[in-house]
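S.K.: These are the residues of each chain, in order.
Protein chains: 2
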Amino acid sequence: MYNKEIYIARRKALQQTMSHGLLLFLGNGNVGFNYADNEYKFRQDSTFLYLFGLDMPGLAAVIDCDNNRTVIFGDELTLDDIVWTGPMPTLAERAADAGVTETLPSALLFKHIENAKADKQKVHFVPPYRGDRQLLFDELLGKNAQPSLDLINALVDMRNHKGPEEIAEIEKAIGISVDMHLKALELAQPGRTEKEIMAAVMEVCLREGYYYSFPAICTTHGETLHNHGYIHTLREGDMLLLDAGAETDMHYAGDLTTTMPVGSDFTSRQREVYEVLMNTYHTAHNMLKPGITYRECHVKAWTTIAEGLQQLGLMKGNPTEAAEAGAVALFMPHGLGHMMGLDVHDMENYGEVHVGYPRGAQKDPRFGFKSLRLARKLEPGFVFTVEPGIYFIPELIDQWRAAGKFTDFICYERLDAWKDFGGMRNEENWLITPDGHRHLGKAKPVDADQLLAAKAGKFEC
Amino acid sequence: MYNKEIYIARRKALQQTMSHGLLLFLGNGNVGFNYADNEYKFRQDSTFLYLFGLDMPGLAAVIDCDNNRTVIFGDELTLDDIVWTGPMPTLAERAADAGVTETLPSALLFKHIENAKADKQKVHFVPPYRGDRQLLFDELLGKNAQPSLDLINALVDMRNHKGPEEIAEIEKAIGISVDMHLKALELAQPGRTEKEIMAAVMEVCLREGYYYSFPAICTTHGETLHNHGYIHTLREGDMLLLDAGAETDMHYAGDLTTTMPVGSDFTSRQREVYEVLMNTYHTAHNMLKPGITYRECHVKAWTTIAEGLQQLGLMKGNPTEAAEAGAVALFMPHGLGHMMGLDVHDMENYGEVHVGYPRGAQKDPRFGFKSLRLARKLEPGFVFTVEPGIYFIPELIDQWRAAGKFTDFICYERLDAWKDFGGMRNEENWLITPDGHRHLGKAKPVDADQLLAAKAGKFEC
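The listed protein sequences derive, respectively, from chains D and Z.
Residue numbers for the first sequence follow our numbering, beginning at 1 and rising by one.
Residue numbers for the second sequence follow our numbering, beginning at 462 and rising by one.
Think of the hints as simulated: they come from the structure by calculation, not from any bench.
Misleading hints may appear alongside valid ones.
Claimed, not checked - Straight-line Cα separation of at most 20 Å, EDC-like style, residue types lysine to aspartate or glutamate; simulated pairs:
#, chain 1, residue 1, chain 2, residue 2
1, Z, 644, D, 196
2, Z, 750, Z, 542
3, D, 405, Z, 516
4, Z, 656, D, 416
5, Z, 502, D, 80
6, Z, 824, D, 39
7, Z, 633, Z, 542
8, Z, 656, D, 80
9, Z, 880, D, 80
10, Z, 831, D, 208
To be verified - From chain Z, some residues computed to sit far from chain D (all C-beta separations above 10 Å):
#, residue
11, 482
12, 494
13, 499
14, 506
15, 664
16, 692
17, 729
18, 856
19, 904
Stated by the list, open to error - Here's a subset of chain Z near chain D, in silico, CB distances under 7 Å, partners left out:
#, residue
20, 650
21, 653
22, 656
23, 663
24, 777
25, 779
26, 809
C-beta: ideal position from N, C-alpha, C; glycine also.
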């Protein structure tokens with residue numbers, strides 16, 4: 001964890017913003033895989049990590065703004081436990097690392113909350129996302145207790161602006177994430193299987209003592225956006241799409257996507273589309289600066305795709321109009337990117353709209369637009385992905401064609417020949433600086449020639 | 462999944478045993494890692510797998526014994542879903558694979574249970590082990606509903622006796638588990654780290670499309686029994702303890718432990734203790750046959766350890782008495798083994814005592830004895846681990862010595878020199894046959910010479 005001064009400063013800032021009430025934070029517990037004691041890898045809650053840094057199960061904490069008191073609740077190991085785990089620091093020692101001087105046994109949390117309710121204190125909490133924490137909130141606060149929008153907003157304002165200690169950690173995550181992608185580039189050859197490449201990519205991450213920040217997508221069918229099957233064998237002429245990233249031992253995420261040719265090179269058709277993708281990617285990240293909205297960047301990316309696909313005879317009409325109308329969502333049905341930090345989709349449990357949209361704004365409900373996780377005006381300290389993609393999704397093409405959607409913009413009669421094309425995406429991670437933007441982490445092969453160099457082991461990060 | 466006839470036969474047998482009531486089974490849902498949509502790898506509930514074989518989240522099922530009716534509850538993918546996932550089988554098609562002809566939307570489960578309650582049907586279920594399923598049971602049946610011991614007993618009687626289709630699957634799991642251990646033997650050299658070996662071991666499992674059946678222990682400090690830190694670098698003279706196994710895509714487990722020398726060979730002191738361990742291991746598995754209790758095998762293992770440690774000057778007195786008294790628990794505080802199947806500790810969520818003890822029996826509460834997961838009379842079809850270990854746990858030695866425990870059997874004054882020894886365990890998986898026992902899966906290096914051969918790449922499985 002960081003030096004305790006960082007956690008003390010974060011909690012002080014949060015307390016000043018909130019000014020009143022009791023802020024209640026439940027750290028995560030362990031979750032059983034197929035029975036209680038066969039546990040999934042423990043992952044501490046990100047809000048708890050951000051404010052307290054303590055990375056072990058079964059903790060809770062309160063920040064009492066009205067009485068200027070911070071308490072961590074937990075239980076000491078018994079002598080019996082120590083026989084199985086070896087000696088461990090006490091709860092008080094752990095709390096001291098986070099700059100908290102008061103600790104209490106877990107069992108006293110209920111009484112503490114009862115007292116707060118008796119004192120008419122408002123109890124603030126952020127939305128839980130696991131059943132066991134929901135059960136605990138229900139017991140503590142009753143079934144109808146609602147998360148606090150004030151607390152969500154206060155935390156979003158802090159966590160959306162990354163400090164230098166966070167950016168350094170994200171760049172470490174990206175460094176290992178790049179190594180994961182280089183491993184895939186090395187292995188993406190005909191005859192290999194998706195699952196063996198996925199396994200080798202995971203090894204790169206695990207051998208550092210890191211974990212993966214999300215379940216990797218490693219597929220020759222990139223057009224299926226949520227594809228975790230790993231069932232295919234790579235063939236000459238395929239493309240392999242890898243969307244994978246590491247999470248450091250401090251739990252900051254990297255999130256990269258590479259689409260690479262299997263075998264020696266892209267086919268000429270693949271290369272044509274890849275050039276459109278590269279043009280889109282470079283256009284998008286070159287726009288990044290404080291004050292621009294990410295919605296503008298997204299629409300510009302769609303526009304660039306429309307221009308490129310018009311060259312290939314697959315779209316028609318005015319590209320900007322096609323983008324603003326939502327027609328390009330046929331080829332890129334997802335948003336240009338999302339905030340990143342302690343969560344790969346940062347703070348997604350608070351609600352996407354609170355993180356990625358202006359306060360009080362609603363999402364545009366149209367297909368494509370509704371998948372924009374980030375749309376707001378960019379500010380220095382924002383860290384997010386830029387990840388345009390181009391996909392030929394047979395089910396979506398058929399659905400739109402049958403519905404007669406956007407016939408002014410889409411050349412459906414030409415698309416039948418493209419239903420076996422697949423999909424491609426390039427994704428990297430960027431920071432907004434006071435005067436523009438900065439690419440985060442070491443270089444990943446991006447342009448087609450860089451991909452080929454990396455496959456030959458000749459790419460310099 | 463297996464042919465549907467297998468699931469039909471299992472459900473029919475269960476229905477005949479239960480004869481009355483509504484049996485309610487909740488398949489597992491997804492669990493969020495750090496927010497709802499960043500999911501841990503999905504693991505279906507083992508009871509659901511055993512009876513229905515369907516391996517996807519969000520299902521439920523009832524077997525209505527009173528009305529001879531079986532229904533699977535779930536939801537179809539929407540057209541929107543299919544854009545992200547590609548085409549998928551319908552719920553009815555999936556249910557047909559399990560031999561179930563009736564399906565209903567998830568939302569109707571509540572009404573179905575209401576009707577059953579109105580008809581005064583008893584609703585049977587097994588204990589949940591995840592918060593989200595607990596929440597669902599609470600909603601369906603009320604907060605005070607208790608799991609059904611009748612259903613637990615019926616399922617234990619079935620699942621404790623493995624069919625040939627299950628044994629074949631367990632042997633596949635063990636095959637990959639052996640490969641994981643061979644990888645560790647190849648890599649266990651001075652200068653390597655625990656985490657890189659753990660990562661390489663995981664790769665062996667993942668590249669097959671398998672998963673791990675439990676979080677691996679990979680440590681030079683085998684005396685710490687629950688050790689998942691992976692923080693050490695291997696040094697000449699260390700031993701590396703690997704306790705790791707694979708779970709097949711049908712979710713049957715392997716569970717093996719190997720203790721190997723780092724570098725070229727065991728030290729002479731390590732080899733002396735390893736010979737005691739081998740003597741214990743071979744003595745224990747040679748006893749296995751129908752009718753013997755696993756408690757007897759466990760006590761015999763403790764006795765053999767006592768005999769060996771007496772030779773080394775660390776114990777004294779009558780070895781059998783030392784074992785029966787629980788004194789050998791200082792060196793082996795865990796049980797000799799546990800049932801294995803769809804769970805690596807099979808059916809542990811039902812309650813250990815229901816699976817591994819005679820009906821109605823209680824555990825012996827004494828230290829050591831209380832850790833016996835399996836104690837009952839062995840029967841043909843039982844599959845379980847044999848896993849004796851010998852550990853020198855400094856905290857436990859100090860605790861017992863201070864308490865003056867078993868001074869007739871333990872030579873505490875000699876143990877100070879052994880507190881840096883560490884710990885060792887050997888574990889393999891065995892089946893009770895009608896006339897004895899069978900070692901399951903391909904051969905793993907066990908004896909010291911086999912370990913050295915495997916390190917040199919010369920072990921034939």
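S.K.: Hints the structure violates: just list their numbers, smallest first.
M.R.: 2, 3, 4, 5, 6, 7, 8, 10, 12, 13, 14, 15, 16, 18, 20, 21, 24 and 25
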